[in-house]
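Once you've looked at the hints, dock chain B against the given chain A.
There are 2 protein chains.
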Amino acid sequence: MSKYMDVHHGMKGITADQLREAHRRDLAIEAEEGVHFERAWADPKSGTVYCLSEAPSADAVKRVHAQAGHPVTEVHPVPLTIE
Amino acid sequence: MSKYMDVHHGMKGITADQLREAHRRDLAIEAEEGVHFERAWADPKSGTVYCLSEAPSADAVKRVHAQAGHPVTEVHPVPLTIE
Numbered sequence: 026m027s028k029y030m031d032v033h034h035g036m037k038g039i040t041a042d043q044l045r046e047a048h049r050r051d052l053a054i055e056a057e058e059g060v061h062f063e064r065a066w067a068d069p070k071s072g073t074v075y076c077l078s079e080a081p082s083a084d085a086v087k088r089v090h091a092q093a094g095h096p097v098t099e100v101h102p103v104p105l106t107i108e
Numbered sequence: 026m027s028k029y030m031d032v033h034h035g036m037k038g039i040t041a042d043q044l045r046e047a048h049r050r051d052l053a054i055e056a057e058e059g060v061h062f063e064r065a066w067a068d069p070k071s072g073t074v075y076c077l078s079e080a081p082s083a084d085a086v087k088r089v090h091a092q093a094g095h096p097v098t099e100v101h102p103v104p105l106t107i108e
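Protein sequences, first through last, are from chains A and B. Just so we're aligned, residue 26 is where the first sequence starts under the numbering used here, counting upward by one. Just so we're aligned, residue 26 is where the second sequence starts under the numbering used here, counting upward by one.
If you are wondering where the hints come from, they were derived from the structure by calculation, not from laboratory data. Where a beta carbon is used, it is the ideal one built from N, C-alpha and C, also for glycine.
Partner residues aside, some chain B positions facing chain A, computed with beta carbon under 8 Å:
1. Arg45
2. Arg64
3. Leu105
With the rest of the complex left out, here is chain A (with noise of 0.2 Å):
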């Protein structure tokens, strides 16, 4: 398991319950493939959303977050965290 930082893209004007909506869908799926999404951070005005997961593979937090319905492409791994 590791830490993953995932960045969502084009998501302007997102408000705060369809963030919390999003990661409601995210956190009832999550199990299937051995991720947890621990926190997100939204930016509505860029329309960027973070999300830190401790997941198996950057892959798992991908189908996790394209099955939910917002699909990602950028996933980083943060091995390194001051938390």
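Structure of chain B alone, referenced to chain A:
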């Protein structure tokens, strides 16, 4: 005060010690700008570092990072958070 995510590039090979030391340098001077750096994540392979802060402005974040010796150009407000 708002949350900001800033992104450093070109830090390939960064070690856990180097990340901790960089964070320590930020913490040592951040109060001058009213900033607090809360978390950081690094990918030594791609050389990317993400820092999460609470700050009065993106410029304040930039000034602290620059003064600490690791200037950053990419600073994104992230007013929506799930933590």
